[in-house]
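2 protein chains.
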Amino acid sequence: MRRVVDVIRRTYESFGFLPLETPAVERVEHLLAKGIAEKEVYALRRLSAGDGDDGAKDLALRFDLTVPLARYVAQHHRELHFPFRRYQIQPVWRGERPQAGRYRQFIQCDIDVIGDGALSLEFDAEMPAVVFQAFRRIGIGDFSIRINNRKILGGLFKSVGLEADRDIRAAMSIVDDLEKIGIAAGVQKLGELGLSTARAEGLIAFFDQKGDNESLLKALGERPPNALFEEGVAELEAVVNASVMNVPERTGAEALIVYQSERDVFRRSLKIDLGIARGLDYYTGTVYETRLDSNASIGSVCSGGRYEDLTSAFIDARMPGVGISIGLSRLISELLREDVLKAERRTIAAVLVTIQDQTTRDLCKEVANGLRSAGIPTELYLETKKLATQLRYADRRGFPIVVIASADELRSGFVVVRNMVYGQEQKVAIPQLASAVRALTPPGMEWNQN
Amino acid sequence: MRRVVDVIRRTYESFGFLPLETPAVERVEHLLAKGIAEKEVYALRRLSAGDGDDGAKDLALRFDLTVPLARYVAQHHRELHFPFRRYQIQPVWRGERPQAGRYRQFIQCDIDVIGDGALSLEFDAEMPAVVFQAFRRIGIGDFSIRINNRKILGGLFKSVGLEADRDIRAAMSIVDDLEKIGIAAGVQKLGELGLSTARAEGLIAFFDQKGDNESLLKALGERPPNALFEEGVAELEAVVNASVMNVPERTGAEALIVYQSERDVFRRSLKIDLGIARGLDYYTGTVYETRLDSNASIGSVCSGGRYEDLTSAFIDARMPGVGISIGLSRLISELLREDVLKAERRTIAAVLVTIQDQTTRDLCKEVANGLRSAGIPTELYLETKKLATQLRYADRRGFPIVVIASADELRSGFVVVRNMVYGQEQKVAIPQLASAVRALTPPGMEWNQN
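Chains as they are written, first to last, in the working numbering: chain A, 840 to 1289; chain F, 840 to 1289.
The hints are simulated quantities; they were obtained by calculation from the structure and are not laboratory data.
Small disclaimer: the values here were computed from a predicted structure and weren't measured.
Every residue, glycine too, gets a C-beta built ideally from N, C-alpha and C.
Quick look at which bits of chain A chain F covers, simulated, 3 or more residues with Cβ under 8 Å: (1) 856-863; (2) 875-882; (3) 923-934; (4) 959-967.
Reference excerpt, derived from the structure (chain A facing chain F, CB under 7 Å, subset only): (5) S853; (6) R885; (7) L886; (8) M1084; (9) D1201; (10) N1208; (11) R1211; (12) E1222; (13) R1236.
Partial pick of chain A residues on the chain F-facing surface, computed with a CB cut under 10 Å: (14) R849; (15) V867; (16) S887; (17) A899; (18) G954; (19) R1089; (20) P1216; (21) T1217; (22) E1218; (23) T1223.
Chain A on its own, in the form it takes in the complex (with noise of 0.2 Å):
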């Protein structure tokens, strides 16, 4: 998990995205201003009130990273510097379908970049590029980050008689649902906002267009019903074409080795999809979901959009942006699914040194501190115990690499390195165990990456 969150972490800081971390707390008010189910959020009060004030009132723990970016960016408008990009990996909290003793603690991995007024749509074309990134270097295997824009959406629904706010946020609810509740449910739902059974199937069928990207924009182009519409599809293919520079290909050595261009790979992940709509209501342009092709039913896990008005609730200003957020905790269960990634590793040091012989423990810590000098994370077994059972533990703890030495080994300067995977032992020069170790320690081992 931790090098999962690493890879994130570095990918967003290669593309200048600044690190941001917020108290895990903020102002019910605050929270609630987004429009979340108040059962969903959980309020502090302390346990007893102490000095009569509760001193707890009206806080709750965040349920997104986007609140606190928001009050964060209100608070420091004056001092940061537009276009301001930030990333955020922390935990969120949601009440959901409670249980006995259950609580719901995700981690979010998001990165946004806002401006001040105005945004040019690059930067909606950088987000995919970032995503991509991240996900190639984890290793997940292949994926899609299909886009859209809710001014196409909106446009469509503008133009089949939907006028009220309320009915084109319900509309776009529906899409977003659609794959859950099937084409039936959708019509009928569509039809409770008053349109026709063909008119809600028409709109169905168009949601569902398959096609490669050059051909759905090019038939979007073609009778646009209206000018949001028109916008949306301008929009969309900008941002799409514009999006494959911001992805490096292989150069030099490694072009050779791989016959595949990351480009190419870009181009085939990067998929429009009309029927991606993303619930919230602040989302006003492109919108992003991320599906994995060895389990898309578990659905996105990185999803996003462009926002007109991040901070009017807090301030006098509309500053608009746009970002997206790794879901951490649905990513990595997948990932420990598809066995990319081991179960967090029951050690985290390459070597254990036993200690055979009581009488050569400062011998034996002196061993240590120079596998630790040398950048090799050691532990030293410190109780007294017989070496059998210092060997059981290094086997069951995992350990790759054991020292073992007796006192004569270790005043003629030499120990006996053992490779727990194959058994082997060989007599090493002190001086040289060092290069030893890192010659035997298996690949993935944390300390060999730092």
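Go by the hints and put chain F onto chain A.
For chain F alone, coordinates are given in the frame of chain A:
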């Protein structure tokens, strides 16, 4: 802050401690088992009940990392291998004196070793070496790791007639507060436990003894009042003596440059202080506190000790352990005050690539891609603005390096690299750009250390 956390994490891992992360929320009954005041605990409730049951009943935010460790070890003791070493770096929450809209969140960095039934004193001797190396690497200046053993205090209290556990706990608490409340109040409070003024003053003089470790141990050994006291002195002596060998001496070229023995620095830092008691009830042997010489008045930045029973509140097993906790928030504020640490940088990227001519946008993206592929975090200025505006942005955000290129330069394969600190510019062929940027990057930009 991230650098400090990374140093602590790597030092912990170098000794073989495993990372553990637990949810922010624990059951109230588990939290209160440790005897913390209820008003310090933040409990959860859902803002509206929703499905009838509120689902958050009996849940609260953790106030330390020891309760989650105890619960974890109790739940998993059949799968764990002992001695079990874990580290945990996560926030905790405590309800301090209430003020409007205020809440208290701290980050703690804990290590503990848990034994199954027994645990060697060698682990008590490892803790100061781990703390020492972490603080030396952070570069916090001089500090002292004060060490004591509660059996000495307990033996002493018994010898002056305090028998009841409650009275001994109260006396420990008075010792712990002595620095804050002063000698007069100390004498008075000890008097309330039934001690004569002469006895109380004698005790306080004992706690206040000065001297190097050797002479203090000698004095303590001379007339032990009882077996408990004697056991405490023997343990303290064993731990102090065994500790130094866990610190690696500098070797090779490094030792020639730095004319100072690391072990001598450690010996001077590890100080027996008979006035250290730690407030918490569960410590039973070794106790530690760490003070910074630059600002001892902020109190301990790293405390801990030995406890005989981590788990019996959860399961029918007594598991002893020893651990320490670095209070990161307090440490960071001190590092900032001492200018050891600069406040969060305004940029994580070393380079801003400007776009001077919008027809060269894709070429500029390639330049940015190339830098990122070389491991250099790079921000691309994606808004369409005048070069002067882009340079002002780079200056305000603190980018050390800006890449500038006209269409002509780019098409002939060159860019201009501008050192923002000195204002110098140089023309560089694009294949040499990454190495030119590396040469210009000031030390301390984090990507340089990865």
